[in-house]
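If you read the protein sequences in the order shown, they are chains R and P. When we follow full-length UniProt numbering, the leftmost residue of the first sequence carries the number 1, and every step to the right adds one. When we follow full-length UniProt numbering, the leftmost residue of the second sequence carries the number 1, and every step to the right adds one.
No lab work stands behind these hints: they were computed from the structure. Note that the Cβ used here is the ideal one computed from N, Cα and C, for glycine as well. Take these hints with a grain of salt, some might be off.
Simulated crosslink set (DSS-like; lysine-lysine; CA at most 27 Å straight-line) [what the hints assert, rightly or not]:
no., chain 1, residue 1, chain 2, residue 2
1, R, Lys119, P, Lys124
2, R, Lys275, P, Lys354
3, R, Lys274, P, Lys354
4, P, Lys120, R, Lys247
5, P, Lys94, P, Lys243
6, R, Lys367, P, Lys354
7, P, Lys286, R, Lys119
8, P, Lys354, R, Lys201
9, P, Lys286, P, Lys240
10, R, Lys119, P, Lys354
11, R, Lys235, P, Lys354
According to the in silico footprint, chain R covers these stretches of chain P (three or more CB under 8 Å from chain R) [claimed, not checked]:
no., region
12, 31 to 39
13, 249 to 255
14, 271 to 277
15, 283 to 297
16, 301 to 310
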Amino acid sequence: MPNLEHPAYPAATLLRLESLVPCRESQVSMLLSIFGERQQFTFPSIFIYGHTSSGKTYVMQTLLNTLQLPHVFVNCVEYFTSRLLLEEILIQLQNCSFETKHASHVLCDTFNDFVRMFKQAVTSQDLQDQTLYIVLDRAEQLREMEANILPAFLRLQELTDRNVTVVLLSEIVWELFRPSTGCFEPFTLYFPDYSIGHLQKILSHNHPPEYSADFYAAYINILLGVFYMVCRDLKELQHLAALNFSKYCEPVVRGEANERDTRKLWKNIEPHLKKAMQTVYLREISSSQWERLQRDDGEPGQLKGLSAHAHVELPYYSKFLLIAAYLASYNPVRTDKRFFLKHHGKIKKTNFMKKHEKTSNHLLGPKPFPLDRLLAILYSIVDNRVAPTANIFSQITSLVTLQLLSLVGHNDQLDGPRYKCTVSLDFIRAIARFFSLLHLKEGQSIGP
Amino acid sequence: MLSFLFKVKISAMSKRKSKESSSANGECISQVQRILRERFCHHHATGKPFGIEHQYRHLLELLKRTTVHGESNSALIIGPRGSGKTMLLNHVLKELMEIKQIRENLLEVHLNGLLQTNDKVALKEITRQLHLENVVGDKVFGSFAENLAFLLEALRKGDRTSSCPVLFILDEFDLFVHHKNQTLLYNLFDISQSAQTPVTVIGLTCRQDILELLEKRVKSRFSHRQIYLMNSFDFKQYIKIFKEQLSLPAEFLDESFAQKWNNNVQHLSEDKTVQDMLQNLFHYSKDLRSLHLLLMLALSNVTVHHPLITASDLHEASKQYRMDSKANIVHEFQKFMQRKAHCMYNFEKPVVMKAFEHLLQLELVKPIERPSVRAQREYLLMKLLLDNNQIMDALQAYPNCPTDVKQWATSSLSWL
Numbered sequence: 001m002p003n004l005e006h007p008a009y010p011a012a013t014l015l016r017l018e019s020l021v022p023c024r025e026s027q028v029s030m031l032l033s034i035f036g037e038r039q040q041f042t043f044p045s046i047f048i049y050g051h052t053s054s055g056k057t058y059v060m061q062t063l064l065n066t067l068q069l070p071h072v073f074v075n076c077v078e079y080f081t082s083r084l085l086l087e088e089i090l091i092q093l094q095n096c097s098f099e100t101k102h103a104s105h106v107l108c109d110t111f112n113d114f115v116r117m118f119k120q121a122v123t124s125q126d127l128q129d130q131t132l133y134i135v136l137d138r139a140e141q142l143r144e145m146e147a148n149i150l151p152a153f154l155r156l157q158e159l160t161d162r163n164v165t166v167v168l169l170s171e172i173v174w175e176l177f178r179p180s181t182g183c184f185e186p187f188t189l190y191f192p193d194y195s196i197g198h199l200q201k202i203l204s205h206n207h208p209p210e211y212s213a214d215f216y217a218a219y220i221n222i223l224l225g226v227f228y229m230v231c232r233d234l235k236e237l238q239h240l241a242a243l244n245f246s247k248y249c250e251p252v253v254r255g256e257a258n259e260r261d262t263r264k265l266w267k268n269i270e271p272h273l274k275k276a277m278q279t280v281y282l283r284e285i286s287s288s289q290w291e292r293l294q295r296d297d298g299e300p301g302q303l304k305g306l307s308a309h310a311h312v313e314l315p316y317y318s319k320f321l322l323i324a325a326y327l328a329s330y331n332p333v334r335t336d337k338r339f340f341l342k343h344h345g346k347i348k349k350t351n352f353m354k355k356h357e358k359t360s361n362h363l364l365g366p367k368p369f370p371l372d373r374l375l376a377i378l379y380s381i382v383d384n385r386v387a388p389t390a391n392i393f394s395q396i397t398s399l400v401t402l403q404l405l406s407l408v409g410h411n412d413q414l415d416g417p418r419y420k421c422t423v424s425l426d427f428i429r430a431i432a433r434f435f436s437l438l439h440l441k442e443g444q445s446i447g448p
Numbered sequence: 001m002l003s004f005l006f007k008v009k010i011s012a013m014s015k016r017k018s019k020e021s022s023s024a025n026g027e028c029i030s031q032v033q034r035i036l037r038e039r040f041c042h043h044h045a046t047g048k049p050f051g052i053e054h055q056y057r058h059l060l061e062l063l064k065r066t067t068v069h070g071e072s073n074s075a076l077i078i079g080p081r082g083s084g085k086t087m088l089l090n091h092v093l094k095e096l097m098e099i100k101q102i103r104e105n106l107l108e109v110h111l112n113g114l115l116q117t118n119d120k121v122a123l124k125e126i127t128r129q130l131h132l133e134n135v136v137g138d139k140v141f142g143s144f145a146e147n148l149a150f151l152l153e154a155l156r157k158g159d160r161t162s163s164c165p166v167l168f169i170l171d172e173f174d175l176f177v178h179h180k181n182q183t184l185l186y187n188l189f190d191i192s193q194s195a196q197t198p199v200t201v202i203g204l205t206c207r208q209d210i211l212e213l214l215e216k217r218v219k220s221r222f223s224h225r226q227i228y229l230m231n232s233f234d235f236k237q238y239i240k241i242f243k244e245q246l247s248l249p250a251e252f253l254d255e256s257f258a259q260k261w262n263n264n265v266q267h268l269s270e271d272k273t274v275q276d277m278l279q280n281l282f283h284y285s286k287d288l289r290s291l292h293l294l295l296m297l298a299l300s301n302v303t304v305h306h307p308l309i310t311a312s313d314l315h316e317a318s319k320q321y322r323m324d325s326k327a328n329i330v331h332e333f334q335k336f337m338q339r340k341a342h343c344m345y346n347f348e349k350p351v352v353m354k355a356f357e358h359l360l361q362l363e364l365v366k367p368i369e370r371p372s373v374r375a376q377r378e379y380l381l382m383k384l385l386l387d388n389n390q391i392m393d394a395l396q397a398y399p400n401c402p403t404d405v406k407q408w409a410t411s412s413l414s415w416l
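Next up, chain R with everything else stripped away, as it sits in the complex:
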């Protein structure tokens, strides 16, 4: 690993910086060489991109704070309009200098005013010609503001004629930012993802003091083995590591195994990690619920995740209506005769059908159907006679309100309303299970 060195900054500071940013030495050294000495000019705008949790924000903040470079750090999601953003930059600028004791409120509506006030603010400070860095995090939000904000920031050095550099951090590549008539191109720098070795190193870094580093490293190894395929996000992995460590240590705490019994520890932790992938990783349950679960050692069946709450208790006929709607949406019209009539003939497969057999209806999504077809299927699946009363129709409307069905087209269509079924097969299966418990001879074929 190359040591960070630069003539402008003392070696001790650079050593400390290096210890704070593991696995990112090459990016930091590139940034250092671009920044140069404090008073020297650098690129008017720099664009840093990379996946989430690849360390962009952390590295920039650590670099600027450790080397004590004058900077302003703003998150564009927090300050989502141009006015909020510009005012925040000016307020932070006031805090940068040592002269002003408390920040007075600034009023800045347009970029024109911003440039004027910025020029005043920078000259009144004891920056000694040092480069001022304006770091805008989540810069993709700049595209949603007025059209002149992004190009103006890229040219800020030229517009204000001062030594200032704007750094944009984003997950999205530069090509999707560029305005249609072009702009001043920034210098783009890519932060690659951490590799599995890097993740291991970083995660093992913050081990709790009660256990040895090797023990924790073995735990991280197991965790990465299960989760690395799915998730490379450092923040998520840190969260998962913190949540599951107590479970991992249980055998050691209980005295059943010592720190080196990797097999026993692995057998203990593996089902929990698998369960975690389905629940905490997907945020189905919160981390406090997860911890409570681990403490009580509860049954997985008791886990009521968020998606379980989507189930709704429906009245009797509504259930049938929903099943009928699902059948109407996913079965093509020509198969109705076959499924629902007692005496049906064979259906010849035409060329058209042979070509399109591959795209299953389940992949394409629900198709709209007219109300009459829904009622026809309903009459055929319900055992006893159903009268087309207002009761049935109002249940259809309430299904639409619950967003289990959706209305396709306008209300004022002359040839009757058309609907689409918006529930998944699992939901329908759950409802049908209710019927199979209730009527033992209910042998419906659900779907093709």
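Fit chain P to the supplied structure of chain R, relying on the hints for placement.
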């Protein structure tokens, strides 16, 4: 014993000398960095611009006529991004300012389409730049034209019959065209035609079709004088420009170092590999901004231990500059193209959904229409914003890619 002491003394002296020379070098390097960084990043004017003598003379003539002879004029400087429009204007202004009469009389108003986003703001800015805020005070004007006429009237000095010439410079001219009714442009061109005060309006824009965007009444008041900057140098001149941009000026402090540096630059410009690299860059983009970016990257590697730029610095800088950013992002993302049947690990559907949403967040796939309440999330039609070559390149470069993912990609993408 004596010889030993003598040797120690010599080694100490040589160490001191090398330390002196290295510290002198350190100061030198710092100066070199400062000068060149100002040149590349801050675009300070460094001598005559290249290849645009004709346009330079034209513009100089035009401005002289306004400032010295009192003629009103208007002109547009048109050229793609980075072709040197602002630089040209700044050079001409610098030369003009050397004439005493002009320096004392000429008033400049610099407007920028990015900053003055509507006409009211523009008018306030004009008032401010002409230092007439006190004069205007709290007056309320009926129209834009009245306001502007008042401003120009106020510029007449007491004992002179004519007022000072005013130069209006409109940067990003194509943005002013989108203001309501194009009032500012109409009025500026109008006064440049009515010749009461000598006014020149110079617009700088990157759009070649700018004249079609002007309204008819605005276009008729414009003098249709256009100065084109087309980056019309060829590759030989490009290499000369490369050499000139990288060379240290004659007034540099340490003459011997400057000599060494400039010799190195000459050497680099004759090196075949460097010429090939410059040829690639030249084909990609002719403008000087990209050259400056490349040189700045190479310059950032210059330190005391590495005092001269080498060809490998330039090659690395060129690689960094030309990196395909989308391929980078895809390169990291291959893991999520898994088909359940072929893969050892079976992931639940919601886990794969979460991965897909990450793809959405990175804007590698984009929904064709805005997601509405009616359509379910899973059935929204999407569009992939990458093309097959990028995906194949990313797969090749990806370390530890599972073989079944690679095979699946090659089988399904190969027939395209």
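Hint check results:
1. R:Lys119 <-> P:Lys124: 18 Å, holds
2. R:Lys275 <-> P:Lys354: Distance ~16 Å between lysine 275 of chain R and lysine 354 of chain P Cα, so the pair holds.
3. R:Lys274 <-> P:Lys354: Given that 27 Å is the threshold and the Cα spacing comes to 16 Å, the pair holds.
4. P:Lys120 <-> R:Lys247: 66 Å, violated
5. P:Lys94 <-> P:Lys243: 24 Å, holds
6. R:Lys367 <-> P:Lys354: At roughly 26 Å apart (the allowed maximum being 27 Å), lysine 354 of chain P and lysine 367 of chain R satisfy the hint.
7. P:Lys286 <-> R:Lys119: This hinted pair is violated, its Cα atoms lying about 33 Å apart.
8. P:Lys354 <-> R:Lys201: Holds, at roughly 26 Å.
9. P:Lys286 <-> P:Lys240: 14 Å, holds
10. R:Lys119 <-> P:Lys354: It is violated: about 46 Å lies between the C-alpha atoms, which goes past 27 Å.
11. R:Lys235 <-> P:Lys354: 15 Å, holds
12. 31 to 39: Since three or more residues must qualify, the claim that chain R covers the region 31 to 39 of chain P holds, with 4 doing so at under 8 Å.
13. 249 to 255: Three-residue rule not met by the region 249 to 255 of chain P, so violated; n is 0.
14. 271 to 277: violated (count 0)
15. 283 to 297: Holds, because 5 residues of the region 283 to 297 of chain P bring their Cβ atoms closer than 8 Å to Cβ atoms of chain R.
16. 301 to 310: holds (count 3)
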